[in-house]
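If you want the building blocks of each chain, they are given just below.
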Amino acid sequence: MLPSLAFLAVFFAVPMFQAFGLALQAPDGTGYSLDAVRQMLSDGAFTRALGTTLLLMVAIVPVQFVIALGMAMVVNARLKGADLWLYVFALPLGISELASGIVWFSIFTEQGWLNSVLQQLGLTHQSIVFLDYQRPWLVLATIVVAEAWRATAIIMVILVSGLQGIPRDFVEAADVFGASVWQRLRHVVLPLLKPSIRVALILRTILALQVFATVVALAGGTTTVLANEAYRWYYRLRDARVAAAYASLVLLLSLVSTVGYLVTIRGDEEQLG
Amino acid sequence: MEGTRRREFPSADASGQPLGVPRTPPAITRRQALALGAGAAVVGLAGCAPSAKKAQGGGGGTLTFVSDQFQPVDEAEKMRKQILAGYDGKVNFVSSPVGPFTDRVTSQAKAGKDDIALIGGTHGDFAGFASDGLLLDLSDLAQELSDRNFNPDYLELAKLGGSQTNYIPWMQATYIMVARKEAVGLLPAGSDVQALTYDQLVSWARAVNAKQGGQKLGFPAHQDGLLKRFFQGHSYPSFTGGVNTTFSSSSAVTMWEWMRSAWAQANRQSPTYQFMQEPLQSGEVWIAWDHVARLIDALQAKPADFVAFPSPIGPKGLGFAPVVLGLGIPKSASDPEAGKKLIRYLTQPDTQATTLREVGFFPPTGRLSLPGDLNPGIRAEANTVTAQTTSPKGLPSLLPIGLKDKTEAYDDVFRTTFEAIVLKNRAIPATLQSKAKELQALFDAVQAPCWKPDPPSSGTCKVG
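Chains as they are written, first to last, in this note's numbering: chain A, 42 to 314; chain B, 918 to 1381.
Derived by calculation from the structure, the hints in this document are not laboratory data.
Since we're looking at a predicted model, the values are computed, not measured.
Any given hint could turn out to be false.
[To be verified] Calculated from the model, a selection of chain B residues having no Cβ within reach of chain A, i.e. all distances over 10 Å:
(1) 997
(2) 1120
(3) 1130
(4) 1162
(5) 1188
(6) 1377
[What the hints assert, rightly or not] Label pairs and their calculated CB-CB ranges:
(7) 228(A) - 1020(B): 54 to 60 Å
(8) 1200(B) - 293(A): 45 to 51 Å
(9) 118(A) - 1128(B): 55 to 61 Å
(10) 1372(B) - 179(A): 44 to 50 Å
(11) 1005(B) - 132(A): 26 to 32 Å
(12) 205(A) - 1029(B): 57 to 63 Å
Ideal Cβ positions, reconstructed from N, Cα and C, are used throughout, including at glycine.
Extracted from the complex, chain A is given alone in its bound form (with noise of 0.2 Å):
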């Protein structure tokens, strides 16, 4: 206990307090003011970044879910060859997000892959502009679909594991007494596998107000984020206390949003147990 304690508190809590601190130095570094929150809230570019942060998030990580629930149900099936889906699945896990944002650019860009395959089937005569700033939508959807083939991997590992730990009888259980797949999903495999969901939401969800290099990659910065202000503050505007205000709200979404799984989300484990 007390070595988690302990890195919890170097690497987390302080972390976490001196971003905290510097958001709220005053501009001449000599005690607290709110004037760099200020300077964050009435930037250009806030409104969009948080407003795309949320909207990104809530696209993402009900997708990245459910598809990551399927992953998970085959590979815990035990099919044939379960192993080698194991590996298929979990292979985007290697990727970085820059390289990852660079390989969906190169599929979605005027003359890239998806063009090329749409023309060769006929099913288009002329390239589509997928990554036109004049419709976000689009290339909202394209940062969706980059950002689910990511990382929906780490959701199914997650998923996985706790597949693995219901016990079996429970859903031989349910089979005697003739439920359906469904049945057997909604009220055995779910109730049971609720910490793992838990964890997988808090994990995924807090990856997603993160997103930072696919947004880049796609969209060059005419569609913004909340991390890429903050990388804006203070690689190009050169001021620590106005990208720490954005980290700091970020961190603050996280937060509220880990506490919300854990409230929402009741653990069942003591029934595991």
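Given the coordinates of chain A, assemble chain B onto it according to the supplied hints.
Relative to the frame of chain A, chain B by itself:
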């Protein structure tokens, strides 16, 4: 992110000749050089009495060479594995974004730390170091390296108006245009691709789009692209004859109206383009403007498919930004001789030829002396650079000077002005007036004077 890089160096016209005045096409060398480079300068020297540090010969350790150039991983690798490969000694080449780079050089020099042997940076970088008195005087080295045939104007600029040389010229570059050869047949009647006006460029793009479908003009409008340099060094000077003092003038309004008309012909994916060489090669874009080093892959890969040509000409001339990079040694370096040895290596003709082949930056010489076995694509680029810098309508324009840690904030104002006026269609005069206030606040914060082509200011530059 990893993709960011800055490779432009402010340059200045040091000749004293009024900018924008037609020059007689000269026998290259000085004048051309001047044009190409103008500027660089500011490097500072601060204090650098040569005696301040004792030279200690060679030294067997690893040299640390810090730079804000070659940030993309492949370029940094070319620097380490190709350009520095022939150096007799170990070099730790560290490339980082301008902010952390400036912080590192400044904080270590001020703290008297001696682990940086060599700095490779832009004019703006050196300007800041100079004003803080962090650089060693390299006059002796400049004299020793007279066989390198550096552009004499660059050497003069490196003195920053004083008597000591603050940096040794390293490389030079500029921004040009490249188009696919198929597009040349669609040029408007009476226009010459080597001397296009801004209006002809838009008409040309319109003709190409009408024939091909889609939008074939391209700008590097990614947040890490160099579109900001197009405004600062090319379109603003060409339309207004200045940059900061004419920022919200009526001719600036005309320039932004032109930009809207050009953008209407531009590929809608332009905000995702960081380098124009890729969309040119794929055919997404047929006509593009960018930094020479961000076009070179297309020209090298398929020299027969592309034509390179100078930036367009506006009402006030052919505004263009020459770029000069320098090599400097911090005063705090424990072994300045080691840094000098590396400068000798980096400026020798063989190394300069490798640099040109690998990363597309030209030697900072008066006459563009190029190796004979050059790829035709690089040769085409070199010819265009020469044509642009010797154009009788040439109007060399410096890039930001002396803004210290506000340099990127200054660039950001041009990016956000573009977003507001062109992407969001906000009213031009009102936007320019509000952005002019932001610019003025930046100048006031660092008390930076104006730079060419704006007229010299007594004290802090006043944004117009």
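Worksheet item: Looking back at the numbered hints, which does the structure fail to meet, lowest number first?
Response: The structure breaks hints 3, 5, 11; every other hint is satisfied.
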